[in-house]
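Please put together the full structure from these sequences, using the hints given.
The number in our numbering is simply the position in the sequence shown, starting from 1, with 72 added.
Rather than coming from a laboratory, the hints here were simulated on the basis of the structure.
Just to be clear, a hint being listed does not mean it is correct.
[Stated by the list, open to error] Below 27 Å or equal to it, Euclidean Cα-Cα: the simulated DSS-like pairs (lysine-lysine) are:
no.: 1; residue 1: K98; residue 2: K256
no.: 2; residue 1: K349; residue 2: K329
no.: 3; residue 1: K348; residue 2: K523
no.: 4; residue 1: K348; residue 2: K226
no.: 5; residue 1: K484; residue 2: K425
no.: 6; residue 1: K523; residue 2: K134
no.: 7; residue 1: K523; residue 2: K484
no.: 8; residue 1: K256; residue 2: K226
no.: 9; residue 1: K438; residue 2: K349
no.: 10; residue 1: K329; residue 2: K430
no.: 11; residue 1: K172; residue 2: K226
no.: 12; residue 1: K452; residue 2: K499
no.: 13; residue 1: K322; residue 2: K430
no.: 14; residue 1: K349; residue 2: K523
no.: 15; residue 1: K523; residue 2: K482
no.: 16; residue 1: K528; residue 2: K452
no.: 17; residue 1: K438; residue 2: K528
no.: 18; residue 1: K193; residue 2: K134
no.: 19; residue 1: K513; residue 2: K98
no.: 20; residue 1: K329; residue 2: K302
no.: 21; residue 1: K452; residue 2: K513
no.: 22; residue 1: K523; residue 2: K438
no.: 23; residue 1: K98; residue 2: K430
no.: 24; residue 1: K349; residue 2: K430
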Amino acid sequence: MNIRKTEFAFFMGFMLLVFNLNAQVKVASTPPMGWNSYDCYGASVTEDEVKANAGMMAAHLKDYGWEYIVIDYCWFYPYSGAMGNPPQNEDFRPQLTMDKYGRLFPAVDKFPSSADGRGFKPIADYVHSLGLKFGIHLMRGIPRQAVHSDAPVKGIEGITASMIADKSSICTWLNSMYGVDMTKRGAQEYYNSLFELYASWGVDFVKVDNINAGQGDAPYRKEEAEAYRKAIDICGRPIVLSFSSGLSYKNAEHLRKTGNMWRISNDFWDNWEALKKQFERCNLWSNQIVEGHWPDADMIPIGRLNRRGPISGLERESNFTIIEQRTLMTLWCIFRSPLMIGGDLMVLSPEMKTLFSKGEVLEVNKNSQNNHQLSHEEQKIIWLADIPGTQNKYLAFFNIGDGDSLIEVKLKDIGFDNQCQIRDLWKGINLGSFTSTFSQKIVPHGSGLYKISIIK
73 MNIRKTEFAF
83 FMGFMLLVFN
93 LNAQVKVAST
103 PPMGWNSYDC
113 YGASVTEDEV
123 KANAGMMAAH
133 LKDYGWEYIV
143 IDYCWFYPYS
153 GAMGNPPQNE
163 DFRPQLTMDK
173 YGRLFPAVDK
183 FPSSADGRGF
193 KPIADYVHSL
203 GLKFGIHLMR
213 GIPRQAVHSD
223 APVKGIEGIT
233 ASMIADKSSI
243 CTWLNSMYGV
253 DMTKRGAQEY
263 YNSLFELYAS
273 WGVDFVKVDN
283 INAGQGDAPY
293 RKEEAEAYRK
303 AIDICGRPIV
313 LSFSSGLSYK
323 NAEHLRKTGN
333 MWRISNDFWD
343 NWEALKKQFE
353 RCNLWSNQIV
363 EGHWPDADMI
373 PIGRLNRRGP
383 ISGLERESNF
393 TIIEQRTLMT
403 LWCIFRSPLM
413 IGGDLMVLSP
423 EMKTLFSKGE
433 VLEVNKNSQN
443 NHQLSHEEQK
453 IIWLADIPGT
463 QNKYLAFFNI
473 GDGDSLIEVK
483 LKDIGFDNQC
493 QIRDLWKGIN
503 LGSFTSTFSQ
513 KIVPHGSGLY
523 KISIIK
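Right, here's the structure in full:
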């Protein structure tokens, strides 16, 4: 009888593993598309602003595949005027809202519907009522305030926050959290309790920040990354797991197995030199693109930015020109990066709406394979991707220089021996039939995106 129980337990464990792996693909079978509050509101977004952006997405962009509304960092920090990375003082002021188990809740002054222990469920319900999905940003670890009060860990008797905290691991730019020591009894149970809570709120997406315990080459918190994965897999709700920030390629295999998406750079902002650097990163990470698991070139800083943070200075329209904005979208789509709009959708300009509603361009992001850089010669870059189930391909030209450039490809070199038809996806027009070469004049900082089809 014991043998049968053991066999049954093994079978159920195996089936759970299969289910979890399938669920990871299911929640992000294509790169997630949505809006994130960080680039325009930093630590200070309010409930009304979240709802307004959700309404604009539902009205103008949902039909093109945009679906996630993500509240970024410091939703637990009071004061809608808080700028930058607001700290807690040594005496844990301001006090953060949390339950008796040391789990953070939204600041009621910014999110009034969260009062009386309702958390984010009312906002999630509203977002879901629009046919969209709801996400939140998480700081890795456990609140220092919970450790100071020695809150009990939900789901395991006799374990408290101080017993699982790693006090040597504190984020260098936001001091509200300690890391969690995953060797300690109760550590996994704490993360499990978080996602039990988030599932009850109706969360569909989490962005876990500081998983590399800093930025750049800071240590990668592998065990905590796995803890988030395990907690999601048993919470009973499909949730996209996004890791941030600036993660190293040396951890690529683990990130791909653990997360649904992960940042390949530190915060990406609206200047041309930053965009030029993303080409090299996208090329490096392109061999890690797998269904359900996406290298993330970061948010799209297009539109109205910095309304109340996250960085110093006045609010502004994106510094990217219209040409550079199209180049960004072309690279993100041919690389199959997740697409997260950073600009405020409440001031959605006609140009911004057009940029984000080009169905043929977005289809490259949603449905392509073998995406890779074909060549990089001086200021000319060419990317190529297959169209699944066909012999057709997507082709992207980029001119990262400061003068006009003629970019050319020999069609035979990319698999077209006979006559083919080429369509300009940004212009939405057929350019005609071609047999040997295809070339286009690309303006400085510009791009072109094309579909090449065999003529039978």
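Do the hints match the structure? See the list:
A C-alpha spacing of about 32 Å is found between K98 and K256, which places the hinted pair above 27 Å, so the restraint is violated. With a CA separation close to 26 Å, the supplied pair K349 and K329 stays within the 27 Å bound. Distance check on the hinted pair: K348 and K523 sit about 24 Å apart at the alpha-carbon level, within 27 Å; holds. Between K348 and K226, the direct Cα distance comes to roughly 47 Å. Violation of the 27 Å bound is thereby established for this hinted pair.
For the hint pairing K484 with K425, the CA-to-CA distance comes to about 37 Å; that exceeds 27 Å, so the pair is violated. Proximity of K523 to K134 is assessed by CA-CA distance (about 24 Å); at most 27 Å being required, the pair is judged to hold. Straight-line distance between C-alpha atoms of K523 and K484 comes to about 15 Å, which keeps the hinted pair within the 27 Å bound. With a C-alpha separation of about 15 Å, the suggested pair K256 and K226 falls inside the 27 Å cut-off, and the hint holds.
Distance check on the hinted pair: K438 and K349 sit about 24 Å apart at the alpha-carbon level, within 27 Å; holds. Of the supplied pair hints, the one linking K329 and K430 is violated, its CA atoms being roughly 32 Å apart against a limit of 27 Å. Of the pairs offered as hints, the one joining K172 and K226 holds, with about 9 Å between alpha carbons and a cut-off of 27 Å not exceeded. A distance of roughly 21 Å separates the Cα atoms of K452 and K499; the hinted pair therefore holds under the 27 Å criterion.
At roughly 35 Å between alpha-carbon atoms, K322 and K430 are farther apart than 27 Å, so this suggested pair is violated. A C-alpha spacing of about 26 Å is found between K349 and K523, which places the hinted pair at or below 27 Å, so the restraint holds. At most 27 Å may separate the alpha-carbon atoms for a hinted pair to count; K523 and K482 meet this at roughly 15 Å. Of the supplied pair hints, the one linking K528 and K452 is violated, its CA atoms being roughly 31 Å apart against a limit of 27 Å.
Distance check on the hinted pair: K438 and K528 sit about 26 Å apart at the alpha-carbon level, within 27 Å; holds. Among the hinted pairs, K193 with K134 is consistent with the structure: their alpha-carbon atoms are about 21 Å apart, no more than 27 Å. As the CA atoms of K513 and K98 are separated by approximately 40 Å, the hinted pair breaks the 27 Å bound. The straight-line distance between the Cα atoms of K329 and K302 is roughly 12 Å, inside the 27 Å bound, and the hint therefore holds.
Between the alpha carbons of K452 and K513 the distance comes to roughly 11 Å, so the proposed pair stays at or under 27 Å and holds. This hinted pair checks out: K523 and K438 have alpha carbons roughly 14 Å apart, not beyond 27 Å. Of the pairs offered as hints, the one joining K98 and K430 holds, with about 25 Å between alpha carbons and a cut-off of 27 Å not exceeded. Distance restraint check for K349 and K430: the Cα-Cα separation of roughly 25 Å lies within the 27 Å cut-off, and the hinted pair is therefore satisfied.
In the structure shown, a violation is registered for the earlier hints numbered 1, 4, 5, 10, 13, 16, 19, in ascending order.
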